[in-house]
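> Listed below, chain by chain, are the residues.
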Amino acid sequence: MSNPQVVEVKQSSLQKEEPRIGVYVCHCGLNIAGSVDCENVAKFAATLPNVVISRDNRYTCSDQGQDLIKKDIKEHKLNRVVVASCSPRLHEPTFRRACEEAGLNKYLFEMANIREQCSWVHLYDKQDATEKAKDLVKAAVAKVALLEPATESEVPIIPKALVIGGGVAGIQAALDLADTGYQVYLVEKEPSIGGKMAQIDKTFPTMDCSICILAPKMSDAGRHPNITLLTNSEVQDVKGYIGNFKVKVLKKPRYVTKDCSACGDCSKVCPVIMPNEFDVGLAVRHGIYTPFAQAVPSTYVIGMEHCLNKDGVLKCDKCIKACERKAIDFDMKPETVELEVGTIIVATGADVYDPTSLRNYGYTKFPNVITSLEFERLINAGGPSGGKLLRPSDMKIPETVAFVQCVGSRSDRGHLYCSNICCMNTIKDALLIKEHWPDTKIYVFYVDIRAFGKGFEDLYKRARKEGVIFIRGLPSDIYEERKTHNLWLVGENTLQNDVYKVNVGMVILSVGIEPRRDSDVIQKLLVLSRTNDGFFMEAHPKLRPVDTPTGGVFLAGCAEGPKDIKDSVTQASAAAARAGILMAKGKVTVEAITPKVLPENCKVCGLCTKVCPYNAVVLNKDLKHVEVIEAACAGCGTCGAECPFGALYMRHFTDDQIIAQIDALTEHDADKKIIAFCCNWCAYAGADFAGVSRMQYPTNVRIIRTMCSGRVAPKFVERAFVRGAAAVLVAGCHIGDCHYINANVQTQKRVERLWKKMERLGLNKERLQLLWASAAEGERVASKVREMQSIVQSVTKEEIEKSKKMTEKV
Amino acid sequence: MSTKKLWRKPLDIEKFKVPKAEICLIKDRCKGCGYCIQFCPRQVLEESEEINVRGVHPPKVVNPEKCTICGFCEAICPDFAIFVLEKPNEKKETKEAEKNERKK
Amino acid sequence: MAEQTTQIAHPLEPFLRKTTIPHIWCPGCGDGTILNSFVTALKELEVNLDKIAVISGIGCIGRIAGYTNTDSFHTTHGRPIPFAVGVKLANPELNVIVISGDGDLFAIGGNHFIHAARRNIGIKVICSNNFNYGMTGGQQGPTTPLASRTATTPFGNIEHPFNLVHLAAASGAVYVARWTTLHVRRMTESIKKAIQKEGFSFIEIVSPCPEIYGKASKIGTAMDFMNWFKKASVIQNFSDPAQAEITAEKIPVGEFVDVEKPTFEKLLREMTAQAQGKVTGGA
Chain A
1 MSNPQVVEVK
11 QSSLQKEEPR
21 IGVYVCHCGL
31 NIAGSVDCEN
41 VAKFAATLPN
51 VVISRDNRYT
61 CSDQGQDLIK
71 KDIKEHKLNR
81 VVVASCSPRL
91 HEPTFRRACE
101 EAGLNKYLFE
111 MANIREQCSW
121 VHLYDKQDAT
131 EKAKDLVKAA
141 VAKVALLEPA
151 TESEVPIIPK
161 ALVIGGGVAG
171 IQAALDLADT
181 GYQVYLVEKE
191 PSIGGKMAQI
201 DKTFPTMDCS
211 ICILAPKMSD
221 AGRHPNITLL
231 TNSEVQDVKG
241 YIGNFKVKVL
251 KKPRYVTKDC
261 SACGDCSKVC
271 PVIMPNEFDV
281 GLAVRHGIYT
291 PFAQAVPSTY
301 VIGMEHCLNK
311 DGVLKCDKCI
321 KACERKAIDF
331 DMKPETVELE
341 VGTIIVATGA
351 DVYDPTSLRN
361 YGYTKFPNVI
371 TSLEFERLIN
381 AGGPSGGKLL
391 RPSDMKIPET
401 VAFVQCVGSR
411 SDRGHLYCSN
421 ICCMNTIKDA
431 LLIKEHWPDT
441 KIYVFYVDIR
451 AFGKGFEDLY
461 KRARKEGVIF
471 IRGLPSDIYE
481 ERKTHNLWLV
491 GENTLQNDVY
501 KVNVGMVILS
511 VGIEPRRDSD
521 VIQKLLVLSR
531 TNDGFFMEAH
541 PKLRPVDTPT
551 GGVFLAGCAE
561 GPKDIKDSVT
571 QASAAAARAG
581 ILMAKGKVTV
591 EAITPKVLPE
601 NCKVCGLCTK
611 VCPYNAVVLN
621 KDLKHVEVIE
631 AACAGCGTCG
641 AECPFGALYM
651 RHFTDDQIIA
661 QIDALTEHDA
671 DKKIIAFCCN
681 WCAYAGADFA
691 GVSRMQYPTN
701 VRIIRTMCSG
711 RVAPKFVERA
721 FVRGAAAVLV
731 AGCHIGDCHY
741 INANVQTQKR
751 VERLWKKMER
761 LGLNKERLQL
771 LWASAAEGER
781 VASKVREMQS
791 IVQSVTKEEI
801 EKSKKMTEKV
Chain B
1 MSTKKLWRKP
11 LDIEKFKVPK
21 AEICLIKDRC
31 KGCGYCIQFC
41 PRQVLEESEE
51 INVRGVHPPK
61 VVNPEKCTIC
71 GFCEAICPDF
81 AIFVLEKPNE
91 KKETKEAEKN
101 ERKK
Chain C
1 MAEQTTQIAH
11 PLEPFLRKTT
21 IPHIWCPGCG
31 DGTILNSFVT
41 ALKELEVNLD
51 KIAVISGIGC
61 IGRIAGYTNT
71 DSFHTTHGRP
81 IPFAVGVKLA
91 NPELNVIVIS
101 GDGDLFAIGG
111 NHFIHAARRN
121 IGIKVICSNN
131 FNYGMTGGQQ
141 GPTTPLASRT
151 ATTPFGNIEH
161 PFNLVHLAAA
171 SGAVYVARWT
181 TLHVRRMTES
191 IKKAIQKEGF
201 SFIEIVSPCP
211 EIYGKASKIG
221 TAMDFMNWFK
231 KASVIQNFSD
241 PAQAEITAEK
251 IPVGEFVDVE
261 KPTFEKLLRE
271 MTAQAQGKVT
281 GGA
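Note that the protein sequences, when read in sequence, are chains A, B and C.
Here the first sequence is numbered in my numbering, starting from 1 and rising by one per residue.
Here the second sequence is numbered in my numbering, starting from 1 and rising by one per residue.
Here the third sequence is numbered in my numbering, starting from 1 and rising by one per residue.
Treat the hints as calculated values from the structure; they're not laboratory data.
Small disclaimer: the values here were computed from a predicted structure and weren't measured.
You may find that some hints are simply not true.
[Said to hold, decoys possible] A short list of chain C residues far from chain B (calculated; beta carbon distances all over 12 Å):
1) GLY32
2) ILE158
3) SER171
4) HIS183
5) PRO210
6) MET226
7) PHE238
8) THR247
9) PRO262
10) GLN274
[Claimed, not checked] Listed below are the simulated PhoX-like cross-link pairs for lysine-lysine, each with C-alpha atoms no more than 20 Å apart in a straight line:
11) B:LYS87 to B:LYS17
12) A:LYS396 to B:LYS15
13) A:LYS321 to C:LYS43
14) C:LYS192 to A:LYS321
15) A:LYS268 to B:LYS17
16) A:LYS388 to B:LYS9
17) A:LYS268 to B:LYS60
18) C:LYS43 to C:LYS192
19) B:LYS17 to A:LYS318
20) A:LYS70 to A:LYS126
21) C:LYS193 to A:LYS326
22) A:LYS310 to B:LYS66
23) A:LYS251 to A:LYS189
24) B:LYS66 to A:LYS365
25) A:LYS318 to B:LYS87
26) A:LYS318 to B:LYS9
27) A:LYS217 to A:LYS189
28) A:LYS333 to C:LYS250
29) A:LYS318 to C:LYS192
30) A:LYS454 to A:LYS441
31) A:LYS239 to A:LYS202
32) C:LYS197 to A:LYS326
33) A:LYS239 to A:LYS465
34) C:LYS197 to A:LYS310
Where is the CB? At the ideal position from N, CA and C, for every residue including glycine.
Start from the sequences, fold in the hints, and give me the full structure.
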């Protein structure tokens with residue numbers, strides 16, 4: 001499935017022409033000029049090799065400033081540009097565009113961050129700040145001289161989408177995409193779509209009948225010309241990359257053909273009877289059945305595990321004889337279909353917490369302790385008890401009930417997170433009971449009542465008005481009276497500082513939502529990450545809540561985290577819109593920072609293929625070297641850092657370019673400096689944030705930016721020490737939060753190996769520090785730099801001399 | 001739908017009545033091939049101790065309440081020695097479902 | 001539940017000749033199951049028994065003509081098909097069914113088979129294939145597997161067996177199916193289909209022969225045969241008959257061919273009517 005992008009890169013062709021560099025030092029009003037002598041820096045820059053013109057100006061990013069750069073490019077025939085100003089995270093795209101408009105390839109541009117990481121953090125030290133700015137400009141000039149022009153490649157996107165999961169989120173996403181005009185495949189594991197919403201009786205806060213509002217959507221999805229429904233099917237394999245996924249789906253046999261008219265004659269004669277999954281075991285179904293009355297598709301299905309014909313020999317043919325339309329086919333075999341899609345939406349939903357392990361609540365021991373899902377089925381008019389809330393022990397309606405909140409949520413005996421819906425669900429349930437049996441005494445034992453959404457507080461008020469008794473304090477134990485099967489709940493009423501002992505006829509445990517037990521399968525297939533809670537991780541919790549780090553794959557519904565129906569539907573429409581953007585564009589451009597393979601150096605060791613978080617580097621046994629699937633590559637650079645043979649040329653962040661930066665920064669007074677490697681997304685952004693917040697720290701740190709801390713090869717650290725640097729800091733995202741899924745795990749391994757090497761060489765390993773800091777943790781970065789001062793000061797001349805041995809093999 | 005084990009006794013299990021079976025044996029025709037005993041999906045039959053005129057052990061009914069009147073014994077018997085009828089107007093309660101629950 | 005021998009008659013009694021039942025076949029013999037399936041098919045179709053003719057050849061299966069309560073004929077070795085063709089052409093309204101064995105139909109009777117199939121004469125042929133000549137002591141036959149030990153191949157069979165469904169399909173049969181005696185219900189359905197279909201229909205039924213072939217080939221008892229059927233059968237409806245050989249590991253079963261073609265008797269009628277019309281000068 002590779003997209004071979006093997007280009008024979010000859011080293012000699014790299015530097016065809018002499019670099020002609022233009023340097024622009026920005027005052028940014030007084031933001032930079034206030035603590036950095038910009039004129040001085042510009043004069044200094046003019047003395048650097050290959051610099052043809054060097055200017056300082058007030059606002060380089062303004063129209064005037066940009067026009068100046070464009071004019072200079074044309075007049076002075078500049079083929080490289082350096083702007084020393086703010087953070088590249090802010091204005092790199094602006095200046096790149098300016099270069100392009102002047103006819104200069106946008107990858108021949110570099111920035112020196114002399115604001116967020118210089119002038120703003122060294123407000124009171126003008127001399128040292130100016131020296132630092134000079135160093136940073138020197139490093140930028142050294143790198144820019146080695147940059148090469150590059151064109152971004154385009155990958156076409158197939159205008160078809162796959163939605164995995166047929167609950168309300170999956171249905172909504174499928175409908176939105178189909179209405180936009182795209183072909184959608186909706187794959188659902190169960191024989192019918194509908195998910196958990198079909199099992200619920202009423203929804204909060206409007207008390208709408210759940211299946212009544214869901215069924216029309218299910219029908220639409222089943223009938224839509226652009227939606228292909230694949231029920232009773234599971235995704236087996238996913239290969240490919242954004243815009244070009246090849247998906248294998250296994251269609252499990254229903255043993256009933258499309259001729260089925262759902263008349264039910266077969267069910268009536270089927271001798272196999274068993275508990276029904278839809279009714280959570282509270283009702284019975286036959287071996288041949290329809291999952292529920294409003295199932296889409298309405299075709300019946302045979303549960304082969306319990307059918308009398310399960311070994312393949314037709315023993316019982318009652319259903320065949322009963323079916324007038326001859327729709328039953330015991331010879332159906334599982335079928336694998338291959339789909340080609342451009343985008344994938346994961347809407348696999350969630351499971352319900354099983355409170356059996358909470359022994360003190362007595363679930364499965366005491367028949368009248370039920371879960372909230374079982375409650376939904378009991379109170380549902382179409383359910384096993386015809387809508388009567390019957391106690392399983394004696395089929396009578398209880399006079400007193402108790403709801404216990406936070407079962408399996410907000411607890412270390414279960415899950416630590418809050419399951420979002422249980423408070424409102426209980427309030428809704430309590431009101432339902434009051435509606436049918438107004439004299440019922442209802443207790444709700446809670447920790448907090450979370451009624452945060454629209455109309456939620458009103459519903460809570462209504463419940464209190466109706467006389468529902470809310471007691472703050474979960475029962476510590478539930479006991480059963482053996483004869484009556486009534487239950488005693490004992491606990492502390494924390495608001496009244498008292499112990500309660502309450503007798504009820506039925507206890508409803510408000511169980512939480514947990515991630516699907518089989519989500520590993522989807523996770524591995526789609527290279528997704530999961531948060532600590534076990535739900536799938538979004539690309540950014542605030543700004544990209546439905547994207548995943550994997551391009552082309554989106555999330556919707558409870559697969560991403562517990563939420564109610566409104567939020568699931570909202571997210572589903574959002575995911576459909578995001579997927580629609582990609583498919584409408586028709587193509588995706590890949591930033592030209594992906595690696596190129598140098599086949600003559602490749603020894604086919606396979607180390608790079610093991611560290612790539614996106615499986616974008618693959619071994620091609622025929623060609624006898626690795627290949628990079630450009631569209632799947634995110635540009636982290638971890639593969640390049642891993643390769644011992646120099647077979648991967650990491651465009652725009654090459655070994656030579658980074659070493660040039662290190663050399664430039666350690667040319668003078670290296671023994672007083674900290675060389676820091678910061679990752680673009682977290683540590684560098686964190687340092688920027690420190691600048692924005694005007695946190696002050698010592699001036700002797702020099703930051704080199706890479707996209708990911710995984711790009712930092714051991715040889716860079718060694719080089720810095722060999723050049724005499726006092727200390728080195730490697731900084732990246734927190735483990736588990738890596739922007740490139742898990743590339744920073746490699747960083748940790750490499751730093752640990754470097755520490756071991758330093759110990760063996762007799763060096764002070766404190767001189768190499770490892771920091772995990774997020775983009776919001778500016779203070780963490782600042783304090784680390786302050787902390788490292790003592791290490792810098794303690795470094796002796798002998799230590800520096802000894803460090804020159806770092807590159808030796810030990 | 002949860003994939004966990006379903007442990008409850010369904011509330012409507014009393015309502016489900018499956019026809020009661022009458023298993024008829026013509027013992028002297030039986031040649032003892034054993035097909036009906038082996039292939040019954042519910043293990044309703046077992047080899048008996050008695051000997052018929054042919055010198056073989058015909059089957060005996062051991063679990064009549066489990067019989068679902070699928071009729072496979074009747075269909076596969078080479079000797080027309082066994083057949084199943086539905087007892088008219090008598091329906092039994094399904095202990096099936098309970099056994100299924102315990103099996104799961 | 002009846003522990004005693006029941007007084008109620010077996011539901012299939014009306015289809016069997018009272019004087020001949022119980023039959024003489026061995027315990028577990030496939031022929032018994034075939035008889036059961038066949039008369040069940042007759043019962044489910046609610047056919048008029050006077051319109052059914054059962055013709056059999058020589059072999060254990062040949063005795064079936066004497067057990068069914070229909071007009072039957074037990075012919076000489078290899079000749080049930082020509083006899084059946086005669087019956088059918090003389091009285092096309094009859095549903096003529098040939099039930100015979102592998103040796104009878106495909107060794108001595110081979111030539112009759114392929115031409116009746118080629119001509120698409122509307123007879124139904126059910127072959128009980130037990131891989132040998134059972135009645136006469138277990139000699140090697142046209143369907144005996146390669147290397148099998150039989151009475152006449154003590155060192156192993158050096159002949160390749162026929163793939164009967166391939167032969168039937170290639171000869172032009174309009175309905176070809178194979179089942180084992182384990183697949184009783186599907187076998188009954190196939191028989192019903194064949195009876196109702198116009199044209200030459202062939203159903204091969206792989207049968208246990210526990211006393212003769214089972215002992216010689218070391219397959220074993222009747223139950224061992226059934227276990228082999230259970231393990232090795234693979235339902236492959238409408239797969240290529242040429243690939244449907246029976247091996248120890250795999251018995252491809254299912255319906256292989258189900259097409260429509262004008263039958264011999266229909267074309268004969270039309271041609272006769274046409275020719276007679278010309279002679280008399282009528283319309």
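> All hints, please: hold or fail.
Here is what the structure says about each hint:
no.: 1; hint: GLY32; verdict: 2 Å, violated
no.: 2; hint: ILE158; verdict: 33 Å, holds
no.: 3; hint: SER171; verdict: 30 Å, holds
no.: 4; hint: HIS183; verdict: 10 Å, violated
no.: 5; hint: PRO210; verdict: 8 Å, violated
no.: 6; hint: MET226; verdict: 7 Å, violated
no.: 7; hint: PHE238; verdict: 25 Å, holds
no.: 8; hint: THR247; verdict: 24 Å, holds
no.: 9; hint: PRO262; verdict: 35 Å, holds
no.: 10; hint: GLN274; verdict: 47 Å, holds
no.: 11; hint: B:LYS87 to B:LYS17; verdict: 13 Å, holds
no.: 12; hint: A:LYS396 to B:LYS15; verdict: 17 Å, holds
no.: 13; hint: A:LYS321 to C:LYS43; verdict: 14 Å, holds
no.: 14; hint: C:LYS192 to A:LYS321; verdict: 14 Å, holds
no.: 15; hint: A:LYS268 to B:LYS17; verdict: 10 Å, holds
no.: 16; hint: A:LYS388 to B:LYS9; verdict: 17 Å, holds
no.: 17; hint: A:LYS268 to B:LYS60; verdict: 29 Å, violated
no.: 18; hint: C:LYS43 to C:LYS192; verdict: 10 Å, holds
no.: 19; hint: B:LYS17 to A:LYS318; verdict: 16 Å, holds
no.: 20; hint: A:LYS70 to A:LYS126; verdict: 31 Å, violated
no.: 21; hint: C:LYS193 to A:LYS326; verdict: 14 Å, holds
no.: 22; hint: A:LYS310 to B:LYS66; verdict: 17 Å, holds
no.: 23; hint: A:LYS251 to A:LYS189; verdict: 9 Å, holds
no.: 24; hint: B:LYS66 to A:LYS365; verdict: 28 Å, violated
no.: 25; hint: A:LYS318 to B:LYS87; verdict: 17 Å, holds
no.: 26; hint: A:LYS318 to B:LYS9; verdict: 26 Å, violated
no.: 27; hint: A:LYS217 to A:LYS189; verdict: 18 Å, holds
no.: 28; hint: A:LYS333 to C:LYS250; verdict: 17 Å, holds
no.: 29; hint: A:LYS318 to C:LYS192; verdict: 17 Å, holds
no.: 30; hint: A:LYS454 to A:LYS441; verdict: 27 Å, violated
no.: 31; hint: A:LYS239 to A:LYS202; verdict: 40 Å, violated
no.: 32; hint: C:LYS197 to A:LYS326; verdict: 18 Å, holds
no.: 33; hint: A:LYS239 to A:LYS465; verdict: 56 Å, violated
no.: 34; hint: C:LYS197 to A:LYS310; verdict: 31 Å, violated
In the structure shown, a violation is registered for the earlier hints numbered 1, 4, 5, 6, 17, 20, 24, 26, 30, 31, 33 and 34, in ascending order.
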